[in-house]
Amino acid sequence: MGGRAGPARRAAQAGAVSIALLLAGSLLAAPAQRASSLLNRRAPEFTRRDLNGATVDLARLRGKVVLLDFWATWCAPCEVEMPAFSAWQRKYGAQGLQVVGISMDDSPAPVRRAVGRLKPAYPVAMGDAQLGELYGGVMGLPLVFLIDRRGVVRARYQGETDLKRIETRMRELLAER
Amino acid sequence: MKTRTILKWAGAATLGAMLLAPGKMHAQQWSGPGSAFSIPHEALVQPAALDRLLRGPKAERPLVLQVGSHVLFEEAHIAGAEYAGPGSQETGLAALRERVQGLARGTPIVIYCGCCPWNHCPNIAPAYRQLQEMGFVHVRALLLAENFGTDWMNKGYPVAHGR
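One line per chain: the protein sequences are A and B, in this order. Quick note on numbering: the first sequence equals residues 1 to 177 in my numbering. Quick note on numbering: the second sequence equals residues 1 to 163 in my numbering.
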């Protein structure tokens, strides 16, 4: 009897482990799917006031390629990217590029100081948890999205990324008509 | 025991990999008291190990404090964790002091941030140092190599949302 209970128990344990693994797998997949599900879908629309009081309305940027940059003053790699984004705004703006910076800082004061120092050539608005969730969860910075002229999310870059990769993809989107 | 040894080696390997990939790093983050690398290896805890602790007996669970951005905390945080304020700012450190002031110095505490890659995190080391200076002897920092999303949330560990 004991000899038969052993394999049965092991089978039950194996079953339990399989279920646990499946559950863990589904839990693991959920956030990743949430973030990647934005790819090739219409970019969630939002309207914000930038730090100068001007309106940033994503819907009104249809027809342009939008580089949406989630950043924060405490994010060192973000500050490395910003001068490049400014340079791209100047270089590719006439071709239809619009960079939009969304700060995920807790308050605007440090953002104003950073913007005063970095002088980005594009609008910067304050983000919040709701906007972050709208974009699949901003769970670490930097986070950059490329949105095409039709308003569709075509690329997502999480963490430190080779800027040449972003620029190459962005130029491809600019070439699309 | 074997698992613990493997996790220790994994931690050492992660840190080693970071140290061997300096191309992406800022010189200012390599040294000094503000660097996450100033936290001793034995004071680091891997996500899997913390998850196990949090599933264990209640009496053995550490107090988990997020010492980074409140916006990111509001979006998602470790289930059961409390927000303590950004370690890189004096106001954040004051909030951290206030939260732990009345606790026994032997209280197990795990702090985490995950705002950005470990080598760039401005919050974790000042918060760790603050707790050390206050005399807490069981403080550990959660090693989130890339960020909270990649190293905790996307791996399926439990999260909660809101303030």
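Hints may be right or wrong, so weigh each one.
[Claimed, not checked] From the structure, some residues in chain B lie toward chain A, with a derived Cβ separation under 10 Å:
1. F37
2. P40
3. S88
4. T107
5. C115
6. L144
[Said to hold, decoys possible] Which stretches of chain B does chain A cover? Using the computed rule of at least three CB atoms under 8 Å from a CB of chain A, they are:
7. 130 to 136
8. 146 to 156
[As the list claims (entries may be wrong)] A short list of chain B residues far from chain A (calculated; beta carbon distances all over 12 Å):
9. H41
10. A49
11. K58
12. A59
13. A76
14. G80
15. E82
16. A94
17. R97
18. E98
19. V100
20. H120
21. R163
Everything labelled a hint here was simulated from the structure, so no lab data went into it. Glycine included, each C-beta is placed from N, C-alpha and C at the ideal position.
Taking the closest Cβ pair, is P40 of chain B under 10 Å from chain A? With Cβ-Cβ at 22 Å, over 10 Å, it is violated.
Status of A49 of chain B, Cβ more than 12 Å from any chain A Cβ: holds (16 Å)
Should the label of G80 of chain B as a non-interface residue stand, given a Cβ cut-off of 12 Å to chain A? About 16 Å separates G80 of chain B from the closest Cβ of chain A, which puts it past 12 Å; holds.
Per the stated criterion, does the least C-beta distance between E82 of chain B and chain A lie above 12 Å, as a non-interface residue requires? At roughly 16 Å from the nearest Cβ of chain A, E82 of chain B sits farther out than 12 Å, so the non-interface label holds.
Hey, does K58 of chain B actually stay past 12 Å from chain A on C-beta? holds (21 Å)
Is it correct that the beta-carbon of A76 of chain B has no partner in chain A closer than or equal to 12 Å? violated (6 Å)
Compute the least Cβ-Cβ separation between H120 of chain B and chain A, then decide whether it is above 12 Å. Incorrect as stated: the minimum Cβ-Cβ distance to chain A is 4 Å, not above 12 Å.
Least C-beta distance between E98 of chain B and chain A, which was stated to exceed 12 Å: Its Cβ never comes within 12 Å of chain A, the nearest being 17 Å, so this holds.
Holds or violated: is the Cβ of A59 of chain B farther than 12 Å from all Cβ atoms of chain A? Holds, because the least Cβ-Cβ distance between A59 of chain B and chain A comes to about 24 Å, which exceeds 12 Å.
V100 of chain B and chain A, when compared Cβ to Cβ, separated by more than 12 Å: holds (21 Å)
Could you check that no beta carbon of chain A comes within 12 Å of the beta carbon of A94 of chain B? holds (15 Å)
Quick check: the stretch 130 to 136 of chain B, covered by chain A? Criterion 3+ residues, Cβ under 8 Å. Per the Cβ count (0), the hint is violated.
Violation of the numbered hints given earlier is confined to hints 1, 2, 4, 7, 13, 20, 21; the remaining hints are satisfied by the structure.
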